[in-house]
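Trainee: Spelled out from the first residue to the last, the chains are:
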Amino acid sequence: MAVQNLPLAKALNESLRKALETDPKVVIMGLDVGKLGGVFRITDGLQKDFGEDRVVDTPLAESGIVGTAIGLALRGYRPVVEIQFDGFVFPAYDQIVTQLAKMRARSLGTVKMPVVIRIPYGGGIGAVEHHSESPESLFAHVAGLKVVTPANSSDAYWMLQQAIQSDDPVIFFEPKRRYWDKGEVDTEAFPGELHKARVAREGTDLTLAAYGPMVKTCLEAAAVAAEEGKSVEVVDLRSISPLDFDTIQASVEKTRRLVVVHEAPVFFGSGAEIAARITERCFYHLEAPVLRVGGYHAPYPPARLEEEYLPGLDRVLDAVDRSLAY
Amino acid sequence: MTVESTAARKTTRRSSGAKRTTSAASAKKASAAQGTEPELVQLLTPEGERVQHPDYDIDLSAEELRGLYRDMVLTRRFDAEATSLQRQGELGLWASLLGQEAAQIGSGRALRDDDYVFPTYREHGVAWVRGVDPTNLLGMFRGVNHGGWDPSSNNFHLYTIVLGSQTLHATGYAMGIAKDGADSAVLAYFGDGASSQGDVNESFVFSAVYNAPVVFFCQNNQWAISEPIEKQTRVPLYQRASGFGFPGVRVDGNDVLACLAVTRSALERARRGEGPTLVEAFTYRMGAHTTSDDPTRYRRDAERAEWEAKDPILRLKTYLENEGHADAAFFEELEAESEALGKSVREAVRAMPVPEHMAIFDHTYADGHALVDEERAQFAAYQASFAAGEGE
Ligand SMILES: Cc1ncc(C[n+]2csc(CCOP(=O)(O)OP(=O)(O)O)c2C)c(N)n1
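Chains A and B supply the protein sequences, listed in that same order. In terms of our numbering, the first sequence is residues 9 to 334. In terms of our numbering, the second sequence is residues 24 to 415.
Simulated from the structure, these hints should not be mistaken for laboratory data. Backbone N, C-alpha and C define an ideal beta-carbon position, used for all residues, glycine too. Misleading hints may appear alongside valid ones.
[Unchecked claim] Now the in silico label distances, taken between C-beta atoms and shown as ranges:
{"hint": "1", "chain 1": "A", "residue 1": "134", "chain 2": "B", "residue 2": "202", "range": "37 to 45 angstroms"}
{"hint": "2", "chain 1": "A", "residue 1": "119", "chain 2": "B", "residue 2": "409", "range": "50 to 58 angstroms"}
{"hint": "3", "chain 1": "A", "residue 1": "207", "chain 2": "B", "residue 2": "400", "range": "31 to 39 angstroms"}
{"hint": "4", "chain 1": "A", "residue 1": "114", "chain 2": "B", "residue 2": "77", "range": "50 to 58 angstroms"}
{"hint": "5", "chain 1": "A", "residue 1": "258", "chain 2": "B", "residue 2": "390", "range": "40 to 48 angstroms"}
[To be verified] Covered by chain B, per the in silico footprint, the following chain A stretches (three or more residues, Cβ under 8 angstroms):
{"hint": "6", "region": "31-43"}
{"hint": "7", "region": "131-138"}
[To be verified] A few chain A residues that face chain B, going by a derived Cβ cut-off under 8 angstroms, partial list only:
{"hint": "8", "residue": "67"}
{"hint": "9", "residue": "68"}
{"hint": "10", "residue": "69"}
{"hint": "11", "residue": "71"}
{"hint": "12", "residue": "72"}
{"hint": "13", "residue": "99"}
{"hint": "14", "residue": "305"}
{"hint": "15", "residue": "309"}
{"hint": "16", "residue": "313"}
Looking at chain A on its own, in the form it has when it is part of the complex (with noise of 0.2 angstroms):
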């Protein structure tokens, strides 16, 4: 048995080095991952143990890194890119989208592209511009990328090397705010499948469903609600695309309730995605529209009002007290 407390920062770097261990393939690339160990220390060590090979700092070019990858990918390798922050993928995704996301379609399936993305993302640090967005839905939009994001540490040591091992591309977005959570790893456990929601808590009367940083606020939400007397279950999604609707319609089959959650401004967001699927799978079980709880259409605001920006406790028990009451 090899349970470990890690946090999730911790269990991302876990599951790096088992991945550089087990496959030479494996090659780490991005800004200040080497000495540094990453500006979270996500890649801490690494480089030391692995190598300046295989553990690669490059020029501060994202488009360069996220290219470069590609041509690696082509050349039998499997890169770990990462993004330094969210706001910082732009310069790459152009490459992320008319290239990475295209290559294996335009190549009528011959060519792999086991090219995994790392990008912290999401708000409650208090940081400046640019390094607290989520950016998700942007690249669930585009077909040929699946995107997924953990929410403890034993999805992050897990999903991770799923990532690494899967031959398409994988957009993994780590709930940055959520890096120094403890939570249990088993790292000789069989991992649930990389796409599949996960019920993270019971619950009767209601369904929350949420990913990355997001699923912890729920949990909370779901403890002060049962208080109120109220019985919530949370659906961790973990996978964006695909996104498993599957275990959101078995709960809201149950609980004939939805609440969506994300950190990410609501408008074409994925929480707009998934009430028109789970409208048009459960029409006639729903007591109340799906709502949805997230960020503004307004840019990302200043540190000292994302407490105001961000889905809190308070907005999404407000929630849940709009959908009962239907």
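For chain A, the structure is supplied; the task is to place chain B with the ligand on it using the hints.
Mentor: Here is chain B with the ligand on its own, set in the frame of chain A:
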């Protein structure tokens, strides 16, 4: 300050200081960026001795020299104050310019009022010489805004955090100046790390093709967070310019006189319609990258000590004293002025208001937007529900 016409003429004739060193440097191509030192334009040695340079001579009055010294000292003081405010929790983050005062003050003092500056996020000294209220610079680091000043009031653009983006804005602005037939110029700042970005390289292409009146001022402080300059380039950065078709020159970034002379000459060249120049100021980041960074993980202590010996402020002080350009009273007054600046910055930061909640929605669009209006109204109602609850 006026422009030395002789320096300008010489620059035209010779095109740039870079040309002279190209052959020597290319002979040693194999050497990495820092292997063999290319020639550096220097007018004031680290020992504070005035030296001559055939292309970039400069003749400043004692008053002008004292002015440069004052700018550097006050900028350093402002920077130190911000660092300590961060330590006290008043700022979320600070990007210190410690060691880069000469590069910023020298280049900044080469500007005319009608010139336009595009900074990155560390150009506090340039902001200072542009007359930007230092408090403005702190808002984004305190987390109350994302810049929040009107760039046109001092012709000093907002700080840009996405590296290199602003070099294209600078080029476009310069193209606009040329279209208008005006004779002002643009000065764009970026770092050695940012020089690797596609945007910076594209800005070189555009500015060369359109002969835009822009001067690219790269502060090569040797590090991009933990990555040394060797991780960005195999040739000295200023030499890149020649591949794009315009001159590049490396200047001692810790020599305020040389930075002034070289930037002034490049700006004049731009005004004359001769297109862009890349100035590489060879300097050093003495502190951490930002207050969140820990340089002990990647940098030798000795390196900082080597650069402390080249401190830009000390060398000008030595020169001022040796030449009798400044007396004890000047230094004392400046010390008092620094203290006062520190105090006023501290007070201004603490007094900086946190914007109202509703400000989240402000300024998203010029023309209004139905969705924003709807969300704003919902948000207001939601906030009001708490206020009502508290009143109970
Ligand atoms: C596009 C982009 N990628 C990554 C970052 C994160 N980042 C902030 S500063 C920095 C290093 C910048 O180095 P350099 O350009 O040399 O400027 P310096 O800070 O040393 O003045 C990095 C990687 C960013 N701001 N923008």
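Trainee: Each hint: holds or not?
Mentor: For each hint, the structure was consulted:
Checked against the hint of 37 to 45 angstroms, the pair residue 134 of chain A and residue 202 of chain B passes, with Cβ atoms roughly 42 angstroms apart. One distance hint, 50 to 58 angstroms for the beta-carbon pair residue 119 of chain A and residue 409 of chain B, holds here, with the actual separation near 55 angstroms. The hinted range of 31 to 39 angstroms is satisfied by residue 207 of chain A and residue 400 of chain B, whose Cβ atoms lie roughly 35 angstroms apart. The hinted window of 50 to 58 angstroms between residue 114 of chain A and residue 77 of chain B holds, with their beta carbons roughly 57 angstroms apart.
With their beta carbons about 45 angstroms apart, residue 258 of chain A and residue 390 of chain B fall inside the hinted range of 40 to 48 angstroms. Given a C-beta distance limit of less than 8 angstroms, the hint that chain B covers the region 31-43 of chain A holds, as 4 residues qualify and 3 suffice. With 5 residues having a beta carbon nearer than 8 angstroms to a beta carbon of chain B, the region 131-138 of chain A meets the requirement of three or more and the stated coverage holds. The beta carbon of residue 67 of chain A comes within 4 angstroms of a beta carbon in chain B, closer than 8 angstroms, and the hint placing it at the interface holds.
Checking residue 68 of chain A against chain B by beta carbon gives a least distance of about 4 angstroms; that is within 8 angstroms, so the hint holds. About 4 angstroms separates the beta-carbon of residue 69 of chain A from the nearest beta-carbon of chain B, less than 8 angstroms, and the hint is met. Because the closest C-beta pair between residue 71 of chain A and chain B is about 5 angstroms apart, less than 8 angstroms, the hint holds. Because the smallest distance between the Cβ of residue 72 of chain A and any Cβ of chain B comes to about 7 angstroms, under 8 angstroms, the interface hint for this residue holds.
A cut of 8 angstroms between beta carbons decides the hint on residue 99 of chain A: the least distance to chain B is about 6 angstroms, and the hint holds. Among the interface hints, the one on residue 305 of chain A holds; its C-beta lies about 5 angstroms from the nearest C-beta in chain B, closer than the 8 angstroms criterion. Hint status for residue 309 of chain A relative to chain B: holds, with the closest Cβ pair at about 5 angstroms, below 8 angstroms. At about 6 angstroms, the closest approach between the beta carbon of residue 313 of chain A and any beta carbon in chain B falls short of 8 angstroms, and the interface hint on this residue holds.
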